[in-house]
Amino acid sequence: MVPILMAAPWRWLYRPWRIFRVFSVIYYAYMVEYRAELILWMLSGSFPLILMGLWNQAAQSGQMGLQPVEFVRYFLAVFLARQFTVVWVIWEFEKEVVQGKLSPLLLQPIDPVWRHFFSHFSERFARLPFAILLVGLFFWLYPDAIWMPTLYGWFWGLIAITLSFCLRFIMQYTFAMLAFWVERATAIQQFWYLFYIFLSGMIAPLELFPPAVREFVLWTPFPYMIYFPASLLVGLPVDLGRGLVTILFWGGVSLAINRWLWRRGLRHYSGMGA
Amino acid sequence: MSQLGRYFRVLKLFWSVAIAAELEYRLNFVIAGLSSLGGLAGNLFGLFLFYRTGYEFQDWSWEEALIVLGVFTLLQGVSATFLVPNLNKIVDHVQQGTLDFVLLKPISSQFWLSTRTVSPWGLPDLFFGLVIIVYAGSRLGLSSSAYLALVPPLLFGIASLYSLWFMLGATSIWFVKIYNVTEVLRGLLEAGRFPIVGYPAAYRIFFTFVIPVAFLTTVPAQMMLQRTEVPWLIGSAVLAIALLQLSKWFWQYALRFYTSASS
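First to last, the protein sequences are chains B and Y. For the first sequence, this note's numbering begins at 1 and goes up steadily by one. For the second sequence, this note's numbering begins at 275 and goes up steadily by one.
Extracted from the complex, chain Y is given alone in its bound form (with noise of 0.2 angstroms):
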């Protein structure tokens, strides 16, 4: 318990004097909800390009597409608020050699990387998409244990995006000036905004199993409308941790090849 209390007060620290260096820039945080508000309606326009000669996404309505847009913009708004800010990171931290002290403090080097800074900048992002999935689900009449079945799908996509996310901050170890390799699983990730069935077949099975966006968006959303059968629930939550474990193991074995910036 005292373990787990020092990490608690620990991110209570870090996330108190991230938000006080964040205010600093209360401007940057009026275009953060702009930038986020278009970016609402953009993809409310890609979405209505496909509804709108009638077409619809195999057993998906208009209403049961929007929450899957929700559930896409509150991923990017927790990506924008915990991961970017901290994963992003940790390619500085090896290339400038700053990971020595991070390694020398008495606390998890994982925990450290991951959760050091929070930014404000995502909170648009969560509020927008709470709103669309609220609007959706009234729309579709849904009951609130509906939105509660969507909580643990969507912690388990967020714990899988978070471990993706960290081995591929963590390969800078190796290849250090490589930057770019998040934007890849970013950009590939974009596929989440619309349900997996509008895929032709090979795009599903690599969505599925290759990066697991469907596990992101779509199994959440279908845990909502109570259209999951169990196997893809525990699906996910088998994979959420396997990929935790194993974002450990390979920290582990990455680190074993660090040798610091300057030696």
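Excised from the complex, chain B in its bound form (with noise of 0.2 angstroms):
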């Protein structure tokens, strides 16, 4: 059709592009047929609002090292970070699954994960002007909050919540993988969520765990979901080459794994109709 295009270097990104902007534009459509189900997630993820209360009140105290506007500031980006970083692939896997709903997928010409990886990227700009709205709501109910990043908090705090939702949905891909062997794969997934709930920083700065306690969490990969990309928002110190590794280390032992189970369940599976 456009030979000279289709001859040129860059050939080879034509397919990637044209997967990327088709199932971006139908997933985004698709999210936003639910929006109403969508604010209502976004309200559900209400806990860092309730922690910010106890902290900000605690602080009040002066002996939490931190200041009580500091508490307010890196809890509202605790539930943004959280927001623009959820993740739901194994409950959708594991219906795919159990009820042999893979089974047409994996007739196409394209590994089943694009799906839902772009179903998860598309929602985050569907749920993005909920999430401006909610942020102008707080600011105005609360002025003395009102903060603007650094350029640097911008840059690095946007590229972290990119990779801690890329971690993410990595890990818990890999969990559903599992589906393909037991039946409540979801089971150890909300095991595993208990340690990103209390581990991730949600309920607490880093900076308030004992020192042992922090040193053993900054080695697992649960701060760098929530801490680290809230604090880089906030401007709290964080290390940030050692996050960014940390970050792509997990993600790559993730990934291989990902990848030698999805080989062997696919071997195994024997789903309706298979």
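What the hints contain is simulated information worked out from the structure, not anything from laboratory work. Please note: incorrect hints may appear among the correct ones.
Subject to a maximum C-alpha distance of 30 angstroms in a straight line, what follows is the list of computed DSBU-like cross-link-like pairs (lysine-lysine) [said to hold, decoys possible]:
{"hint": "1", "chain 1": "Y", "residue 1": "286", "chain 2": "Y", "residue 2": "379"}
{"hint": "2", "chain 1": "Y", "residue 1": "363", "chain 2": "B", "residue 2": "101"}
{"hint": "3", "chain 1": "B", "residue 1": "95", "chain 2": "Y", "residue 2": "363"}
{"hint": "4", "chain 1": "Y", "residue 1": "522", "chain 2": "Y", "residue 2": "363"}
{"hint": "5", "chain 1": "Y", "residue 1": "286", "chain 2": "Y", "residue 2": "522"}
{"hint": "6", "chain 1": "Y", "residue 1": "363", "chain 2": "Y", "residue 2": "379"}
Hints are included, so try docking the two chains, each in its own frame, into the full complex.
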């Protein structure tokens, strides 16, 4: 059709670009259709806002090492980081395996993971307006908390959120692979989720953890899913290099396990009609 | 009496069937036990983060705050055992039209929807909740009458929680696709882990009058520590009765708008 274009050295990009464009647009349209549910999903993530109140009150005593307003900003950033890194792929994947819906998807000339990935990816954009609205409302109610991240904060904060979303996605998708062997892979995910809640910095900034616990936690993937991006956004000091390397390390390990399980799992797969 | 006896017989049938079915998944029970243990450890850690610096929630010592946490865990167990497996299915009944069959049965549809199954998955939470309460209670040297004093406000709290949850579930008659509305409630209930005085004033008002979290965990704990004045207990009772009645009315009202899935 477009011979010059097709012959160009960027020709190999053509297919990925088309996949990206088509899937993003389709899933965006799909997610916007469910915007009422989306708002409820957002509101159900109110846990950081509850803790914001507690820590804000606790910091009035002056014993906590951070100012009350710093807590407020931190937990608002936690709320946002969490909103944009939500992952639910395991529930969808489990359903596909158990009900045999995976079978037709396997016939398509594209790895089924991309459907899941883009449905998550596009959902972020459907969520964005509500997030902006909520932040606006929040600042209107509590103008003292208004802050503007530095350019450094914006840049690395957004990169950290993107990376931590990818990390969460890969890890959860790896747990999802277990659906090939066990009936309720989600139970394992829910167990894992406990560690995520308590160690990711969602209940408190890591500065407040006892030093030994903090040192240990910093080696696990959890703080890089919430604490790391949130701290970058509000300007709390974090070790940027170490954070990025740790995310890439855990992401790489999960990816390797994931691909291995995927190949083994497909051989084992005997869903309905397969 | 015969009417009440009939409901009891039905309840026994419902639950024995449900438990027999759930016992098929024994491994899940192990996982539920582990999760509940992990959740407990996390909750203790979270509370410890506050107390570690010497800060305490106004007039709540570590052991006293533990009682609040214990009540919270207990309520978590109650909701996992009785509420979640039933009330979260109302949406499915509406969506698939199977609510028709429920309405045709010669028994209160609210009763059927609220008690149809029971899940042993919440038992570990019930157990650990009791353990914390007894542990903290014995550290504080509470008498057995204190434990008894915990029971009435706890029951009122459960009744209020049930009613709120049921009403939210009933809204699915209008908004069929809303699975997540109960998740919003659950998210807000998380606030019950901590004594209500730990929150700023605006939060306290919200969690007392809008979403009555204070009546679910703080008031029972205060009752147990014998520091609640009677008005709070009466308030808790009135709230429970009012919400129960409201949930009944609300359900009858909502049913008028039910048009089945196929019609």
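Comparing the hints with the structure gives:
no., hint, verdict
1, 286(Y) x 379(Y), "holds, 17 angstroms"
2, 363(Y) x 101(B), "holds, 23 angstroms"
3, 95(B) x 363(Y), "holds, 17 angstroms"
4, 522(Y) x 363(Y), "holds, 18 angstroms"
5, 286(Y) x 522(Y), "holds, 23 angstroms"
6, 363(Y) x 379(Y), "holds, 17 angstroms"
Taken one by one, the earlier hints all hold for this structure without exception.
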